[in-house]
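The residues making up each chain are set out below.
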Amino acid sequence: MESKEDEVSILAMPNLPEDLITETLLRLPVKSLLKFRSVLKSWLSLIRSPEFVKNHLLLSATNKDYKHHSLMFKNGFKDYSLTALLYGSFVEYKKLLSYLSRGSVVEDYLNYLVEPVGLNFGFVYDECQDDYKVVGFFPIVRDRDGYLIHIHEVKMYSLKSDSGRCIDDFQGRRLLDGSPKLVNGKLHWFGGGAKIIFAFDLADEKWTKEYGIQQSWTKMFTIKFPPPQDRAGLIIYPPFLMSTKGDILLQFGSHFTRYNPKDASIRYRDVTNFTPCPEIRDCPVWEIEWKKERDEKELKAKRKEEHAMIAAWGSDSDKDKVDETALMALGDSDLDEEDEDSEDKVKGNKRHWYLESACSRHMTASKEDVFDVFEIFIKKIEKKLGTSLVSIRSDNGSEFENVKFLKFCSINGIDHNFSAPRTPQQNGVVERKNRTFEDMARTMMLPGNIAKNLWAETIICNALIFLNQSATRCL
Amino acid sequence: MVKLKSNDDKEFEVEEAAVIQSEMIKNMIEDGCATSVIPLPNIDSKTLIKVIEYLNKHINMGKAAETGEEDDLKEFDEQFVNMGWEELFDVIMAANYLNIHELMELCCQSAADRLKNKSVRAVREMLKITNDLTEEEEQEIINDAPWAFEGPEIDDTVN
Numbered sequence: 001m002e003s004k005e006d007e008v009s010i011l012a013m014p015n016l017p018e019d020l021i022t023e024t025l026l027r028l029p030v031k032s033l034l035k036f037r038s039v040l041k042s043w044l045s046l047i048r049s050p051e052f053v054k055n056h057l058l059l060s061a062t063n064k065d066y067k068h069h070s071l072m073f074k075n076g077f078k079d080y081s082l083t084a085l086l087y088g089s090f091v092e093y094k095k096l097l098s099y100l101s102r103g104s105v106v107e108d109y110l111n112y113l114v115e116p117v118g119l120n121f122g123f124v125y126d127e128c129q130d131d132y133k134v135v136g137f138f139p140i141v142r143d144r145d146g147y148l149i150h151i152h153e154v155k156m157y158s159l160k161s162d163s164g165r166c167i168d169d170f171q172g173r174r175l176l177d178g179s180p181k182l183v184n185g186k187l188h189w190f191g192g193g194a195k196i197i198f199a200f201d202l203a204d205e206k207w208t209k210e211y212g213i214q215q216s217w218t219k220m221f222t223i224k225f226p227p228p229q230d231r232a233g234l235i236i237y238p239p240f241l242m243s244t245k246g247d248i249l250l251q252f253g254s255h256f257t258r259y260n261p262k263d264a265s266i267r268y269r270d271v272t273n274f275t276p277c278p279e280i281r282d283c284p285v286w287e288i289e290w291k292k293e294r295d296e297k298e299l300k301a302k303r304k305e306e307h308a309m310i311a312a313w314g315s316d317s318d319k320d321k322v323d324e325t326a327l328m329a330l331g332d333s334d335l336d337e338e339d340e341d342s343e344d345k346v347k348g349n350k351r352h353w354y355l356e357s358a359c360s361r362h363m364t365a366s367k368e369d370v371f372d373v374f375e376i377f378i379k380k381i382e383k384k385l386g387t388s389l390v391s392i393r394s395d396n397g398s399e400f401e402n403v404k405f406l407k408f409c410s411i412n413g414i415d416h417n418f419s420a421p422r423t424p425q426q427n428g429v430v431e432r433k434n435r436t437f438e439d440m441a442r443t444m445m446l447p448g449n450i451a452k453n454l455w456a457e458t459i460i461c462n463a464l465i466f467l468n469q470s471a472t473r474c475l
Numbered sequence: 001m002v003k004l005k006s007n008d009d010k011e012f013e014v015e016e017a018a019v020i021q022s023e024m025i026k027n028m029i030e031d032g033c034a035t036s037v038i039p040l041p042n043i044d045s046k047t048l049i050k051v052i053e054y055l056n057k058h059i060n061m062g063k064a065a066e067t068g069e070e071d072d073l074k075e076f077d078e079q080f081v082n083m084g085w086e087e088l089f090d091v092i093m094a095a096n097y098l099n100i101h102e103l104m105e106l107c108c109q110s111a112a113d114r115l116k117n118k119s120v121r122a123v124r125e126m127l128k129i130t131n132d133l134t135e136e137e138e139q140e141i142i143n144d145a146p147w148a149f150e151g152p153e154i155d156d157t158v159n
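Protein chains in written order, with the working numbering: chain A, 1 to 475; chain B, 1 to 159.
This is chain B alone, in the form it adopts within the complex (with noise of 0.2 Å):
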């Protein structure tokens, strides 16, 4: 077992099969520094939860292919992700720091599926972003590719 420690002091035991997902706390381990616990001082305990809970799922990742249990991986991957982008956005900078591949794939190849096919002013408003382009500079980027603006997939809600 190893302990984790959130940056809101709150610790968390987790497998070792488990945690080793993460290349840069099984580096840790690999070098003798995981003995007692590990301080995460970028991560709070909302989050840490979350990532735990998708690392104890996903421990036998290798094997899910030959049990059948890919469907179900899948399931779990498409609820995990269901989330708002706060939440999301600390998910992706957690699996950034912890270094696990597969998690941040998951979370960002998510969130651009969010955003795929927003027009320009829903992506805005959902970002929170402030537009600090020109009108003019806008025009010049529609009329570069006008087919790019248009179509029927395209989303102006915000959710």
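Just chain A, same shape as in the assembly (with noise of 0.2 Å):
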């Protein structure tokens, strides 16, 4: 009996050396090692203590297999486990706000940050201060010259210090598309359709300029559109990681997909309990070479319905009141530089935007810059909408007429109708609006005294607004 005792305490846990305990428990996910901290008072203290959090952390984080890491979703913090994702038979979601502790100030930030629609922002662990950080970025108009502009404040929180401070020198127009990836301690974002990469040092907190040489990037893979019987949707979401296998996990309409690049084979992956995340419309739409196989009213029925869903989600109200709200929203921030006769009809009661190029011979605008205009203006007023654009005319002044726009058209299936030309007769609702502009800005000069080189300025920043705010459609 004694030495049937001994041999027990022999080989009992405690009994191993306290090092291969640790790094045992090292391997435990978060959730059992909270768990495991009641089964002994050692175990408590060497799980407390910060030099195992720092271990566990460092092992978690350089696992090849993601056996620790999950996806998370901003709307209700939904979060996947990785290698289910990939590899497992069954996939089910958790709740993350359990796993945040109550009333931490990063559960507090994130609901912060999420609020603004289309806010793009990024959270990570800094390594070399050993710190946790939340990159966002914020959209704000300014005032240059007289025009509003676009442009993007960088906010930065800190957890440890617990203050957010904000980062100047970021001085880009465009939007940035997705969420940031973070390599080499350094954030990076898509900007300008893919063409740009931004990075965000987290070590020194500056920008990094030199990603601008498209020569230095290396093309690491291409996604193949699938054949018709093997799509679940229409369009294809930026890769979410390449496992160390070489398959890639990506969101494929509303499904989670496994790709193969080497086979270009397709795995969907069944996921319970996950329903179509109406935020998939803030990711950018990465490659698509849909055609025009389905029939339009079945794709625009699906439209209505994706962005009826966006809208409830932007403000959870009703859908009307949305409208409403959005009207007015745009009627005084959005209209800074318009495109000259482009009209974009919404939806079925044909909501028409009159936008102003400022390129023609009276007004002095680049035309590089109609584009980037533009297309911050439709995705603003498609998410404030809540419903999408269907066709933009125009007349063929190179400001539309461009590889840019015809892109941008393509990708985001909006036709694009040309009036013939040296043919403005074709344009008559846009040439007769321009009309009234003129007439508009004249009557508001003539009274105020304004001096004559002030033409453009009239004619943007009051004629306009007025027009896009009143409520009458006669003018």
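The set of hints was computed from the structure by calculation and includes no laboratory data. It cannot be assumed that every hint is accurate.
[Stated by the list, open to error] Here's a subset of chain A near chain B, in silico, CB distances under 10 Å, partners left out:
hint, residue
1, Val30
2, Ser32
3, Val39
4, Leu46
[Claimed, not checked] In silico lysine-lysine, DSBU-like type, Cα no more than 30 Å apart, as pairs:
hint, chain 1, residue 1, chain 2, residue 2
5, A, Lys245, B, Lys74
6, B, Lys46, B, Lys116
7, B, Lys116, A, Lys31
8, A, Lys31, A, Lys54
9, A, Lys54, A, Lys181
10, B, Lys128, A, Lys262
11, A, Lys407, A, Lys224
12, A, Lys54, B, Lys116
13, A, Lys54, B, Lys46
14, B, Lys74, A, Lys31
15, A, Lys41, B, Lys116
16, A, Lys224, A, Lys181
17, A, Lys245, B, Lys128
18, A, Lys31, B, Lys57
19, B, Lys116, A, Lys245
20, A, Lys41, B, Lys128
[Unchecked claim] If you want the ones that stay clear, here's a sample from chain A, every Cβ over 10 Å from chain B, calculated:
hint, residue
21, Ser38
22, Glu401
23, Thr436
Backbone N, C-alpha and C fix where the C-beta goes; we use that ideal spot for every residue, glycine too.
Hey, can you piece these two chains together into the complex? The hints should help.
Structure below.
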């Protein structure tokens, strides 16, 4: 009996040297560790020690099979285990909120960040400073020489100092697409239609510029659009990650998908409780080669459905209300630089927006800027109105008839109709509207005794804003 | 060939290519101390047989990925760690002593996987640990993160 007891005490785990117990516990997920704090006093103090926490994080983060990694969706804070998504037999989501301790600053900050629609942010661990940071983009409007321009202000929050601050030196006007990727201690965003990479260095909190050189990039893989019978949706979203086995995890339509770039095979992953998240519209369209195979009506109905969901999600109020408030907001801030002769028909009730490019003889704006402004405008209008742009009509000005515009329209499924060259008569509505602008501007300038060289400003700042805000459609 | 001697005086002959996966023995060979028998006072023959079995199988690990034997090796690893707790701890200690990184990784991960979903009670019983926390202390830990103690995956069985 005594000998048996002896044997037991030698072989029991507490008699393993402490560093070997540590080695084993380091490989457990967080939930198990929190549970096992109550096994033994020595385990409690071990699991609580900062050194253990640090080593555990390091080991989990570098695990090649992504055993402890999960995907987080900001809508409702859902998270999915990555291993299960890639190779597991079934996946169930967990509610992420339970993982964050109650009232934690991170949770508050995430809530705060998620609220503004279309915001991009990265939540990262900064190894150099042993700190958690949130880097977010906040759209703001600035007045530049009388023109209202859209830029993004970058704010960074640090958990260690519990403070946020503005990082001023990012002056990019373009929207950055999707959520950032963390590589080598730098957060990377795509900008300008995947043409530029913006990198933010977490260590010295500065923007890196040299990524602008496209020649220095390496193409790692191409994702082929699958044949019709294999399609689960219309849109392939940016890939989440490439596994060590070379498989790519991405979202196709509303399905998680494992893609093998070697034989272009697609495996849809079944996810229990996965409802298509509305926030997928935040992501940029990565690559679409969709052709008009489906009945267009069906597509439109589908789009309407999708967008109705966003509207409801964006403001938590009924859709009509969203429409109204969005209109007001658009009237005062968005019509800063407008595209001449374009009209957007919005849905069945045909909402038209008159955009003035400010590129004609009586205006002086640069034609190169038109596309950027247009892209931002469309994104905003789509978000705010919860509808999508169906068609654009414009003349053949080089600010409209160019590669960028063509690409944008084909990617987003927008019809772009041109009037016949040198035939402004075909653009009757818009040309007449121009006359109205000019008349309005003249009327405003005369009594105010405004100098003639402020002609452009009058049209942009006043006439258009009035027109877009006026209740009557007659004008 | 290198000769290894366990603590119960049994000698084993192992190919040098296999045995140099152990950092400790690799250093000894490089320093020229492995000319005769290497005594291993911390390892009994039963454990040593296990370790040698692992070393022989993993001789060509670098090439396995190219020849498509990766799955075969994975299956071997799964079978290999299919042993009792006592044996597993012995192998972990041996792997630590001999400094065989891959084996250490494999066994610790296996131990962690076995513990992962177990309830606190089951863990104590499996590892023959006597609880030294008071009831209040235990309750305090549970209150701190109650979600860690609930869930459908928690397993109260001992095996």
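To see whether the hints hold, each was checked on the structure:
{"no.": "1", "hint": "Val30", "verdict": "holds (8 Å)"}
{"no.": "2", "hint": "Ser32", "verdict": "holds (5 Å)"}
{"no.": "3", "hint": "Val39", "verdict": "holds (6 Å)"}
{"no.": "4", "hint": "Leu46", "verdict": "violated (13 Å)"}
{"no.": "5", "hint": "Lys245/A x Lys74/B", "verdict": "holds (14 Å)"}
{"no.": "6", "hint": "Lys46/B x Lys116/B", "verdict": "holds (28 Å)"}
{"no.": "7", "hint": "Lys116/B x Lys31/A", "verdict": "holds (9 Å)"}
{"no.": "8", "hint": "Lys31/A x Lys54/A", "verdict": "holds (16 Å)"}
{"no.": "9", "hint": "Lys54/A x Lys181/A", "verdict": "holds (22 Å)"}
{"no.": "10", "hint": "Lys128/B x Lys262/A", "verdict": "violated (50 Å)"}
{"no.": "11", "hint": "Lys407/A x Lys224/A", "verdict": "holds (18 Å)"}
{"no.": "12", "hint": "Lys54/A x Lys116/B", "verdict": "holds (20 Å)"}
{"no.": "13", "hint": "Lys54/A x Lys46/B", "verdict": "violated (36 Å)"}
{"no.": "14", "hint": "Lys74/B x Lys31/A", "verdict": "holds (27 Å)"}
{"no.": "15", "hint": "Lys41/A x Lys116/B", "verdict": "holds (19 Å)"}
{"no.": "16", "hint": "Lys224/A x Lys181/A", "verdict": "holds (22 Å)"}
{"no.": "17", "hint": "Lys245/A x Lys128/B", "verdict": "violated (39 Å)"}
{"no.": "18", "hint": "Lys31/A x Lys57/B", "verdict": "violated (35 Å)"}
{"no.": "19", "hint": "Lys116/B x Lys245/A", "verdict": "holds (25 Å)"}
{"no.": "20", "hint": "Lys41/A x Lys128/B", "verdict": "holds (15 Å)"}
{"no.": "21", "hint": "Ser38", "verdict": "violated (4 Å)"}
{"no.": "22", "hint": "Glu401", "verdict": "holds (53 Å)"}
{"no.": "23", "hint": "Thr436", "verdict": "holds (63 Å)"}
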